[in-house]
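S.K.: Residue numbers (numbering that gives the first Met the number 0), protein chains in the order written: chain F, 0 to 121; chain X, 0 to 166; chain Y, 0 to 326.
Think of the hints as simulated: they come from the structure by calculation, not from any bench.
Hints may contain errors.
Interface residues of chain F toward chain Y, partial, derived using beta-carbon atoms under 7 Å [stated by the list, open to error]: (1) Ile56; (2) Asp117; (3) Ala118; (4) Val119; (5) Val120; (6) Arg121.
Ideal Cβ positions, reconstructed from N, Cα and C, are used throughout, including at glycine.
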Amino acid sequence: MNRYDFILISVILFVCLLFLGITYINGEKDANVAYVYYDNKLVKTIDLRIDETKEYIVKGYNGDVVIETKKNQIRVKEEKSPLNLCSKQGFISSSLETIVCLPNKVVIKIESSNDELDAVVR
Amino acid sequence: MELRKLTHLSMLLATSVVLNIIESVIPVLGNIIPGAKLGLANIVILFIIYIYGFKDAIFVSIMRVLLVGILRTGLFNITFFFSLGGAIFSVIIMAITHRFTKLSVVGVSIIGAISHSIGQIIVAISFLNAPNLIYYLPYLLILSIPTGIITGMISNKVIEYYKKISN
Amino acid sequence: MKKLILLIMCIFLLSGCNNQVYTKNLFYMDTFINVKIYSSDKKKALDALSYIDQMYNDYDMLADRYKSHDGVINIKYINEMDINQEIKIDNRLYEMIEYSKSFHAKTNGLFNIALGNVIDVWSEYRNGNKTGVPTTEELLKSGSTSIDDLSLLGNDTIMKKGDISLDLGAIAKGYVTELAGEYLEGIGLNKYLITAGTSSVKVGEHYRNDKYKIGLTDPLDTSNLYKTVKGNNISVTTSGSYDRYYEYDGVKYHHIINPNTFFPSNNSLAVTVITDDAALGEVLSTTLFLMSVDEGKKYISDMEGVEAIWYEMDGGITLTDGMSNYE
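Chain F extracted, bound-state conformation (with noise of 0.2 Å):
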C-alpha cells in the first residue's frame, strides 16, 4: 500500500460519515404509511400509525412473504429465498430506508405523514 491509497481511504470515509451525517439528521421522521410493492407494483398500503403488532402476508415470487409491523415500524418476518437477507434486515422505521426481498421481488417503502399532503383544492 502506499501513500496514494490512504488518501483514497480517507476521501471514502469522509465522503460516506458526511452523507451519513446529513440522512441522519434528515432521517428522523416517523414512518406513518408502508408501501408494499410485488414485481414493481403496488400491493399493499399500512398504515403504521396503529400501536400494535400486526402480520400481513404478500405473495412473493418464491412464496408468501409474511410481513410484521408494530407502531411506526416494518420489517419482513418470514420468506423463501436462498439468504434471507430482507427478514435479516430486521426492522425499518426512517422514511430513508426500504426493504429489498430480490428473490421474492418484494419491496417495502415507508413514508412519514410530512410527506403527505394536508389538504387538497380544486
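Fit chains X and Y to the supplied structure of chain F, relying on the hints for placement.
M.R.: Chains X and Y alone, transformed into the frame defined by chain F:
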C-alpha cells in the same frame, strides 16, 4: 488466442466461480448489511487486469456472472442483472484506475469493491424503482474499505508470486 | 334547517408532542367544511369547534338567497323586499355586504355581488329547466345588476333603489372562513386547518414545525394534482370552470359570470390565489378568473402578500414571482 493463455484464463474463470460460490455459502458480512460481500472473486479479476489487461478481465467477469447464474441463481432475473451491473462497472473502473493512477493493487481493489456496490445500486434503483436504496450506499462503501484491502492484499501476493515464477 | 352535521371525530396522537387533533365536519353553504384544530387543550378546542359551527350556521342563514329563516332578515328577504324602503339588518350581514361591495370599485366592476338576476337566468339553463343558451336580451332584461342600486346608509341600515338581486355565493364561504381563522388565532389556537368546500383552504401554524402541503387539482385530469403549495398562515383559494358547468352544442358554460358581458368568462381553466386572508383570496380568485392572465398579473403586482397560479386554457401554467416562497 494462444492456447496457454486460453487454458490459463479458463482456470482463472473456474476459480472465480468457485470463490463466488464459497463466498455465498458463508455470508458473514451479509448478516451485518444485506447484500454486502467479501468479493473474493475480485482477486481473480484484479489478477487478470494486472497480467493480461482489461479486455480479458471483462470477458472473464461476464462469463463468471453467466456461469454463476447458470449454476446457482438463474439467468436473466433481477439478481443476475444485479451482479452483471456490478461486475461490468467494477472491471471498467478498476482498469481505468490501474492505467491512469498511482494507486497500488490494494487501492485498485478498494476502487473495485466500491464500483461494484455502486453498479449494483444503480441497477437496483432502476430495476426496482426504489431511489431510496441510495441510502445504503454509504454503508456498503465504508464496508468496501476492509473488504477491498483484504482482497487487494491477496491479489498483490498472487500477482507478485506469479511474476516471480513466470520469469 | 339544512344542518347536516357529523360528530366530532376521534383523537389522533400526532408525533411525540402533546398536540392532538380535534376535528368537525360541517355542511353549510351547499358544501362540506372541515375544521381541524391542533391543541393540547381538549376543552378549549372542542368549545372552539362548536363556536365555529354556530358561526357558519349563522352566516349561512344570513347569506341564504333561496330560503327564508324564521326571524332572520337574510339575502332572500332583502332581494324580495320593496325598493326605496329602509331596513335595519343584522350587523354581521351588513358588514359582509359592505366588505363585498367595496371590491366593486377596486376591481373595476369585475367583482359584483349584484349579479343575482343574471345568475338566476343561467341557473335555469344549467338545471335543465330551459335548454340552450340565454340570449343577451334575456340576460339584460332579467333585472338590474348595478351595485349602486344598493345604498348602505350606515347604522346597519340599507335601502334598495332598483330591482337588484344580491348573491354572496362568491364570497360568503371565504368570508366566514377568514372570520373563523381570526377567531381561532384570537383565542390562542394558532394551529388549525379549515377546508371550506373543495376550492378553499385556510391554515394557521403547522402542528409540528413544518409547512402545510396543499395539493392543487389538475383541471384537465381531476384525479391528478399538478402542483403542491407549501406554507403556513395562508389561505389557498381556487376559482375554476371545470366543476360547475353545463354543455350545449359542444361549448361548456360554467358558473363564473363576467359582469361586463353577462357570459361565463374563458380566460383560464383555473386560478388559484394564495394570501393570508381567505375572504380576499375568494374575491381575488374570482376577479383574476375574469381577467386575462396578463391583466391579472398586472392587477395583483402591487399587492403585498398576494400570489397566484393560472392554469391556462391550453394547459400552460403561469406563476407570480413570489410563488417561489411556497414551493
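S.K.: Hint compliance check: list the failing hint numbers for this structure, sorted ascending.
M.R.: 1
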